[in-house]
Each structure stands twice: as C-alpha cells, then as structure tokens.
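**Student:** Sequence:
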Amino acid sequence: MSEIKEKKKYKRIVVKIGSSSLTHEEEGGLDFQKMEHLVRCLCDFRNRGMDVALVSSGAIAVGRGALGLSEKPRDIATRQACAAVGQAKLMMTYERLFGEYNQVVGQVLFTKNTIINPVARGNTKNTFDELFRLGVIPIVNENDTVSTYEMQFGDNDTLSALVVSLVKADELILLSDIDGLYTDDPHDHPDAKLIRVVEKLDSDIIGMAKDSTGSDLGTGGMSAKLRAARIATYSGADMVIVNARDVRILYDILEGDFTGTLFKARYNPNFCLENYILETLG
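-11 is the number of the first residue of the sequence shown in the numbering used here; add one for each residue after it.
Source of the hints: derived by calculation from the structure; they are not laboratory data.
Positions of the beta carbon are idealized from the N, C-alpha and C atoms, including for glycine.
Wrong hints could be hidden among the right ones.
Pair ranges (Cβ atoms, derived) [as the list claims (entries may be wrong)]:
#1 I194 x T247: 21 to 27 Å
#2 N111 x D63: 31 to 37 Å
#3 T99 x I194: 23 to 29 Å
#4 R84 x R184: 34 to 40 Å
#5 R233 x S191: 29 to 35 Å
#6 F259 x R121: 22 to 28 Å
#7 D192 x D117: 33 to 39 Å
#8 S191 x D32: 35 to 41 Å
#9 H177 x E13: 21 to 27 Å
#10 D63 x K113: 33 to 39 Å
#11 D192 x N256: 29 to 35 Å
Using the sequences plus the hints, can you model the full thing?
**Tutor:** Rendered as structure tokens:
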C-alpha cells in the first residue's frame, strides 16, 4: 500500500469515472461488474451520511457500441448522435443498478454556460443542494448532444472539478486507467516513479503532464487531470487519482491507505471559477 496514511472524514465527495474504466477493453461494451461495484460503494457512502455526486463518462462510447461503430467517431455530428443514444442507455443502466439498493439518482447535464452564466450557475448549485438534501445521488455528464464546446475540449476530469467547486465538495476522486501522477509517462518510461502526495501545484509538477490517455475511448490525459487538480485544490478540496481496475479502492481512499496520488487542498480566496474558465478554456 501507499505511504499516504492520511484518514479524513469527508462530508461531500465527487467521484469521476472515465470511459476506458467503464468499458471492456476487448469489445468496448459496458463492464457491468465494475459498474455494480461502483454503485455499491457510492450507495454505502450515502448510507454513511455523505453527499455523493458521480461524474460519469461513457455516453459516446456506449452509443458508439449501440450503433455498431468500430472506431471512435471524429466528426462532431456523429459524436453527438452517439452521445444521444449512449446517454439514455448509460442512465438506464445506472438507474437499474442504483435501484437495487433503493437509491434514487438524478441526471445533471452541463454546458459551458452552466458555469460562466451567473443565473445558470446559481440555479445549478441550488439544484445540487436540493438533490443532496433529498438524499439523491446526482449523475453528471457533459451535454454532448447540444454543445460542441465540451466535446472539442474533451474531458470530464475538468468537469468533475467544476462540480467540486460549484457544490463546495471536500474531495474529488478521479478513477482512471493509471495509478496516479508519475514523474514521466509510465507507458514509455518503465522507471517512472509514482508521486504519492502533491502539496503544491508548482511548475515542476505541471511539467510532468502528458496528454496521452492510453485508450481510444477516453479523452482526458494527465494535463486535464492537473487542470482539474488546480480547480479542485484552489476551491478547497483534496483530489485523488487512482486506478479504476478495482473501484473498491474507494474504501481504501477514505482510510487514507491506498496506491495513488493525493493532491492536498490549498484554498485560494482569489480563485474565481468563471474567470478561470474564460481565461483558460476560452
């Protein structure tokens, strides 16, 4: 196990799982066993009294499989069509799995306007707060069927950090296809070392970012994860990157005894979420 050993009591967490972690590598279909384990963990967290939000990728990948497309679509219209088909199928699957544990879920779809428009941002925050008050687990995704911005930008790592900032969560957990932040790309450099704890996002850490995801299903590489870390930690939340090969690692994270990378919260009162989106993402 790792050297983190830092047990914390979180009240509100956001968990993000990527497309490559939700699907089987061989055929690209949904990994129902992994989804069931994920759902069970999240329901257990809710039963402990924690507020939980799930940011789930996978709509385009699921739609692509349902439509019989062998390769990841490149043009926006086809990707939007895949998202329209896949989002419905993905939510139907989640609804059934969460229903096994009598857990109510709700769907929240984001666009860029959700954050930068003050009225939309306020309404969205109020919706989350009410969902949490009612004991609902929100399932969040980009609104890919109507917005080309998110798909061109292309990752749910940043989206999950935006949710953390919006709802003032304590922790963001990125379930990924890599163990955490390495000193170099471990796919190309076997001697790369896993960084266990990041106290501060300095230039040395930012310089370790790689854009490759290692999968034709996902879109968020390490650059996106470090961008998410900046948003989350500046907003006052810890962020963790762990491998999603066994999602029951979520329990280990709460115990502070896991293999991965912990980015410690460094609240910045001058950090403005909407300005960051406009200045950084365009």
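**Student:** Quick check on a hinted range of 31 to 37 Å for N111 and D63, using CB atoms only.
**Tutor:** Since the Cβ atoms of N111 and D63 sit about 32 Å apart, the hinted range of 31 to 37 Å holds.
**Student:** Quick check on a hinted range of 29 to 35 Å for R233 and S191, using CB atoms only.
**Tutor:** 31 Å, holds
**Student:** Is it true that the C-beta distance of F259 to R121 lies inside 22 to 28 Å, as the hint says?
**Tutor:** 26 Å, holds
**Student:** Between the beta carbons of H177 and E13, is the distance compatible with 21 to 27 Å?
**Tutor:** 22 Å, holds
**Student:** Between the beta carbons of S191 and D32, is the distance compatible with 35 to 41 Å?
**Tutor:** For S191 and D32 the Cβ distance comes to about 40 Å; the hint holds.
**Student:** With respect to the beta-carbon atoms only, verify the hint that I194 and T247 lie 21 to 27 Å apart.
**Tutor:** Holds: the Cβ-Cβ distance is about 23 Å, inside 21 to 27 Å.
**Student:** Given a hint of 33 to 39 Å, does the C-beta separation of D63 and K113 actually sit inside it?
**Tutor:** 34 Å, holds
**Student:** So the hint says 23 to 29 Å: do the beta-carbon atoms of T99 and I194 match that?
**Tutor:** Since the Cβ atoms of T99 and I194 sit about 27 Å apart, the hinted range of 23 to 29 Å holds.
**Student:** Taking the beta carbons of D192 and N256, is their distance inside 29 to 35 Å?
**Tutor:** 19 Å, violated
**Student:** Holds or violated: 34 to 40 Å for the Cβ distance of R84 and R184?
**Tutor:** With Cβ atoms ~37 Å apart, the hint holds.
**Student:** Evaluate the given range 33 to 39 Å for the C-beta pair formed by D192 and D117.
**Tutor:** 38 Å Cβ-Cβ, so the 33 to 39 Å window holds.
Going through the hint list in order, the structure does not satisfy hint 11, though it satisfies all others.
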